[in-house]
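**Student:** Residue-level listing of the chains:
Protein chains: 2
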Amino acid sequence: MTSLSPALLQALHALLGDRFSTSVALREQHGRGEAHHAAALPAAVAFAETTAEVSEIVKLCASENIPVIAFGAGTSLEGHLSAVRGGVSIDLSRMSKITRVSAEDLDCTVEAGVTREQLNAYLRDSGLFFPIDPGANASLGGMAATRASGTNAVRYGTMRENVLGLTVVLPNGQIIKTGGRARKSSAGYDLTRLFVGSEGTLGIITEVTLRLYGIPETISAALCSFEDVQQAVASAIQIVQLGIPIARMELMDRGLIKAVNAYSGLNMKIEDTLAFEFHGSPAGVAEQVELVSAIVEENGGKDFEWANAPEERNRLWKARHNAFYAVVSQRPNAKGWSSDVCVPVSRLGDCILETRALLKDCTVPTAILGHVGDGNYHVVFAVDPNNAEELVEVAAINKKMVRHAISVGGTSTGEHGVGTGKIAYLREEHGDAVDLMSVIKRAVDPAGIMNPGKILP
Amino acid sequence: MTSLSPALLQALHALLGDRFSTSVALREQHGRGEAHHAAALPAAVAFAETTAEVSEIVKLCASENIPVIAFGAGTSLEGHLSAVRGGVSIDLSRMSKITRVSAEDLDCTVEAGVTREQLNAYLRDSGLFFPIDPGANASLGGMAATRASGTNAVRYGTMRENVLGLTVVLPNGQIIKTGGRARKSSAGYDLTRLFVGSEGTLGIITEVTLRLYGIPETISAALCSFEDVQQAVASAIQIVQLGIPIARMELMDRGLIKAVNAYSGLNMKIEDTLAFEFHGSPAGVAEQVELVSAIVEENGGKDFEWANAPEERNRLWKARHNAFYAVVSQRPNAKGWSSDVCVPVSRLGDCILETRALLKDCTVPTAILGHVGDGNYHVVFAVDPNNAEELVEVAAINKKMVRHAISVGGTSTGEHGVGTGKIAYLREEHGDAVDLMSVIKRAVDPAGIMNPGKILP
Chain A
1 MTSLSPALLQ
11 ALHALLGDRF
21 STSVALREQH
31 GRGEAHHAAA
41 LPAAVAFAET
51 TAEVSEIVKL
61 CASENIPVIA
71 FGAGTSLEGH
81 LSAVRGGVSI
91 DLSRMSKITR
101 VSAEDLDCTV
111 EAGVTREQLN
121 AYLRDSGLFF
131 PIDPGANASL
141 GGMAATRASG
151 TNAVRYGTMR
161 ENVLGLTVVL
171 PNGQIIKTGG
181 RARKSSAGYD
191 LTRLFVGSEG
201 TLGIITEVTL
211 RLYGIPETIS
221 AALCSFEDVQ
231 QAVASAIQIV
241 QLGIPIARME
251 LMDRGLIKAV
261 NAYSGLNMKI
271 EDTLAFEFHG
281 SPAGVAEQVE
291 LVSAIVEENG
301 GKDFEWANAP
311 EERNRLWKAR
321 HNAFYAVVSQ
331 RPNAKGWSSD
341 VCVPVSRLGD
351 CILETRALLK
361 DCTVPTAILG
371 HVGDGNYHVV
381 FAVDPNNAEE
391 LVEVAAINKK
401 MVRHAISVGG
411 TSTGEHGVGT
421 GKIAYLREEH
431 GDAVDLMSVI
441 KRAVDPAGIM
451 NPGKILP
Chain B
1 MTSLSPALLQ
11 ALHALLGDRF
21 STSVALREQH
31 GRGEAHHAAA
41 LPAAVAFAET
51 TAEVSEIVKL
61 CASENIPVIA
71 FGAGTSLEGH
81 LSAVRGGVSI
91 DLSRMSKITR
101 VSAEDLDCTV
111 EAGVTREQLN
121 AYLRDSGLFF
131 PIDPGANASL
141 GGMAATRASG
151 TNAVRYGTMR
161 ENVLGLTVVL
171 PNGQIIKTGG
181 RARKSSAGYD
191 LTRLFVGSEG
201 TLGIITEVTL
211 RLYGIPETIS
221 AALCSFEDVQ
231 QAVASAIQIV
241 QLGIPIARME
251 LMDRGLIKAV
261 NAYSGLNMKI
271 EDTLAFEFHG
281 SPAGVAEQVE
291 LVSAIVEENG
301 GKDFEWANAP
311 EERNRLWKAR
321 HNAFYAVVSQ
331 RPNAKGWSSD
341 VCVPVSRLGD
351 CILETRALLK
361 DCTVPTAILG
371 HVGDGNYHVV
381 FAVDPNNAEE
391 LVEVAAINKK
401 MVRHAISVGG
411 TSTGEHGVGT
421 GKIAYLREEH
431 GDAVDLMSVI
441 KRAVDPAGIM
451 NPGKILP
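Chains as they are written, first to last, in UniProt numbering: chain A, 1 to 457; chain B, 1 to 457.
The hints are simulated quantities; they were obtained by calculation from the structure and are not laboratory data. This structure is a prediction, so every number in the text was calculated from the model and none was measured. Each hint can be trusted.
Label-pair distances were calculated between CB atoms; the ranges are:
{"no.": "1", "chain 1": "B", "residue 1": "Lys-97", "chain 2": "A", "residue 2": "Gly-431", "range": "17 to 25 Å"}
{"no.": "2", "chain 1": "A", "residue 1": "Asn-120", "chain 2": "B", "residue 2": "Asp-303", "range": "38 to 46 Å"}
{"no.": "3", "chain 1": "B", "residue 1": "Arg-94", "chain 2": "A", "residue 2": "Ala-121", "range": "54 to 62 Å"}
{"no.": "4", "chain 1": "A", "residue 1": "Asp-350", "chain 2": "B", "residue 2": "Asp-350", "range": "51 to 59 Å"}
{"no.": "5", "chain 1": "A", "residue 1": "Leu-242", "chain 2": "B", "residue 2": "Ala-309", "range": "21 to 29 Å"}
{"no.": "6", "chain 1": "A", "residue 1": "Asn-267", "chain 2": "B", "residue 2": "Glu-104", "range": "30 to 38 Å"}
{"no.": "7", "chain 1": "A", "residue 1": "Gly-431", "chain 2": "B", "residue 2": "Pro-332", "range": "48 to 56 Å"}
{"no.": "8", "chain 1": "B", "residue 1": "Glu-104", "chain 2": "A", "residue 2": "Asp-303", "range": "22 to 30 Å"}
{"no.": "9", "chain 1": "A", "residue 1": "Gly-448", "chain 2": "B", "residue 2": "Lys-59", "range": "24 to 32 Å"}
{"no.": "10", "chain 1": "B", "residue 1": "Ala-396", "chain 2": "A", "residue 2": "Asn-314", "range": "51 to 59 Å"}
{"no.": "11", "chain 1": "B", "residue 1": "Lys-59", "chain 2": "A", "residue 2": "Asn-172", "range": "29 to 37 Å"}
Partial list, derived from the structure: chain A residues whose beta carbon lies under 10 Å from chain B:
{"no.": "12", "residue": "Ile-175"}
{"no.": "13", "residue": "Ala-182"}
{"no.": "14", "residue": "Gly-203"}
{"no.": "15", "residue": "Val-240"}
{"no.": "16", "residue": "Leu-242"}
{"no.": "17", "residue": "Ala-283"}
{"no.": "18", "residue": "Asn-376"}
{"no.": "19", "residue": "Gly-410"}
{"no.": "20", "residue": "Ser-412"}
{"no.": "21", "residue": "Gly-431"}
For every residue, glycine included, the Cβ atom is placed at its ideal position computed from N, Cα and C.
Work out the full structure: start from the sequences and follow the hints.
**Tutor:** Right, here's the structure in full:
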């Protein structure tokens with residue numbers, strides 16, 4: 001790990017004043033995300049307020065080959081924030097301006113530090129919303145950088161589909177804009193989607209242009225419980241295969257329901273459960289509900305419990321968004337370890353069956369949850385980060401899950417990103433295409449200063 | 001232009017037998033697309049039948065720094081096929097196997113030479129379809145390479161959204177697979193979308209994995225005519241802004257209707273027209289029709305003329321797909337020149353108004369058509385390719401259209417690609433991001449043998 005030279009320290013202080021700090025508390029806060037990964041502290045933290053400042057910071061660090069790590073809301077689950085080679089954590093949370101909203105074109109531009117909840121609070125009166133919703137209240141820059149998704153992806157897609165353009169600071173400090181405001185374009189390489197999911201390893205995203213959607217005329221949410229998780233999964237698969245435009249379809253196993261009830265003060269039946277949300281016109285929603293009810297009933301699901309009052313619905317989804325924290329809070333001083341495989345929907349049933357078998361003798365608290373409409377599911381493990389045996393045990397289960405997913409055409413990470421946690425699986429999943437990723441990385445960031453040690457071996 | 005050495009000629013003959021040719025007729029056929037761009041002949045044409053053969057051809061050419069140009073159906077509109085530095089045209093049309101269709105996962109894998117019509121004919125009995133439909137019966141590899149779209153994009157997206165994975169031969173002959181079959185993934189750089197739209201300049205796409213859709217329960221098509229194109233555009237904008245999930249919404253000005261009637265033996269009213277298609281359940285379609293009717297009426301549209309019998313509907317869309325050929329056929333020995341701007345929908349009205357003013361004194365036959373739901377529209381000019389004055393005149397109009405589109409946040413090409421035709425506008429549209437595209441191009445293809453002279457200056 002390289003330490004910062006006196007000249008660099010002085011230059012960064014001169015640029016940012018007290019927005020540049022080497023305090024241990026700040027460095028500790030910036031050296032990890034929310035999951036089990038060990039922290040690795042940056043040498044300093046720089047709070048940027050503009051794209052131009054990010055560019056200046058990157059230029060200064062580049063001049064001494066010092067790593068830079070973008071920090072948004074700190075909610076990463078795969079070790080993206082570990083400063084494995086030291087360097088400067090560039091905190092973008094103060095870049096929180098919503099620059100432009102166009103109701104006519106259903107798009108907006110925000111600074112990278114704006115969180116998804118902040119954007120939706122701002123939009124509420126306009127009748128618009130932004131659907132992508134990882135559990136955490138993540139920053140939109142961070143969500144773009146990890147190609148995040150969440151509960152609405154089955155209907156609205158992920159960050160891949162919903163980012164129209166970006167402002168990016170490159171490793172040499174150059175500022176570029178990618179994409180544009182047209183809904184489609186064939187004008188050259190798709191740099192937008194190259195940076196979406198690049199986890200700060202090619203550049204730092206400082207502004208994001210996003211698609212927005214009209215709040216549906218009718219929104220209806222329901223819970224349905226099942227004797228067995230397999231019945232729930234079978235229902236979900238049929239719903240997807242029929243092309244029903246369901247907005248949310250979330251699996252919560254009974255372990256999760258128990259944790260969520262305790263954490264969020266709810267009273268859901270402790271059974272394997274699908275939570276649905278339907279968006280559309282009154283007639284459209286009625287039609288979807290009818291189709292889904294029939295499928296669920298055929299698979300042994302019990303009656304729908306409706307949560308249609310907005311506050312009731314919000315409580316349900318807020319509880320679902322807090323699922324990770326709910327599982328972790330079951331155990332004092334635990335950290336969460338979340339698996340994140342995504343498979344073709346036709347293979348979801350056998351994958352979840354295999355996962356359940358893997359969990360049978362697991363010694364730490366676990367819960368299964370998933371965006372089953374996409375074939376994406378998680379096991380959250382509440383681990384003691386200081387217990388090496390537990391970490392080995394969970395790592396082995398996680399590895400088996402990932403290998404099984406890859407063997408059926410799936411992916412090691414549906415929405416959390418590679419970070420440090422999935423590097424070992426990248427070649428298994430992508431073969432020699434990983435070499436091409438490395439070629440691109442070396443070309444764009446020849447000194448290797450952008451979030452080193454992430455994505456690529 | 002480098003000529004092929006005797007050793008290379010011999011090696012390619014040994015590999016391919018009579019599937020390798022230097023005949024002038026074949027070279028002429030492979031040195032241009034369907035538009036006005038001047039032909040530039042490759043030195044030879046190689047008909048590949050497998051990915052491994054493409055790899056061998058590329059390796060042999062790479063060993064002597066000879067350019068390679070992928071050729072699918074030959075329907076490019078922006079000069080992608082011009083062998084500006086000679087080299088070998090690799091014809092993929094014999095790679096026409098549909099490798100795999102999964103009705104359960106709504107996806108398929110096809111070889112690059114499969115055309116969109118071939119795929120849909122194959123799928124018909126399965127109840128599935130692939131929606132992306134440029135006018136021409138293009139190959140799916142070519143459509144991926146140009147990031148094509150068509151009339152259904154407003155509902156189903158473009159090739160960007162519908163390609164799940166690719167097999168690609170890199171400039172050194174290495175074969176890689178990008179993406180996968182999971183609906184979403186955060187596992188590393190999005191190489192799939194880097195190749196989608198790269199126009200053969202980074203590698204040759206030999207296989208494509210695509211999303212499929214269930215054929216809607218109800219499909220309903222209608223024409224609506226307007227006194228003035230502005231009323232039609234105003235209607236289209238409102239329909240998009242209301243988020244009505246319309247499947248197709250095509251603008252055809254009266255010039256186009258006249259040309260299409262003559263070319264396809266139809267009898268549409270010669271007025272500015274919107275052609276609609278509605279997909280959904282019976283109730284859903286009825287609801288969409290009601291909303292759209294009200295908007296259209298408010299904007300002075302006349303009654304819908306329905307085309308609901310499948311053969312009638314097919315005739316309508318077939319005529320629409322042949323629009324380019326229809327305009328060109330109005331004039332003996334003409335070639336088509338198609339503009340292709342795409343703008344934020346809120347700016348579509350003023351852009352089309354400006355375009356109409358530009359066309360007022362144009363000396364060649366023209367027609368305006370567009371996928372107005374996306375903000376994408378074309379003027380097709382029927383030009384005499386040997387008349388330099390005409391080419392200058394049309395180039396000037398095209399340039400003004402492009403500059404206006406870029407000035408309002410739009411793009412120089414919505415779906416046809418850059419090829420040779422839009423290179424001059426790339427920096428105006430993307431600024432310094434073009435430098436990053438060049439960095440990537442040089443890293444992936446250091447010798448510059450992949451379709452040289454396209455996309456980048």
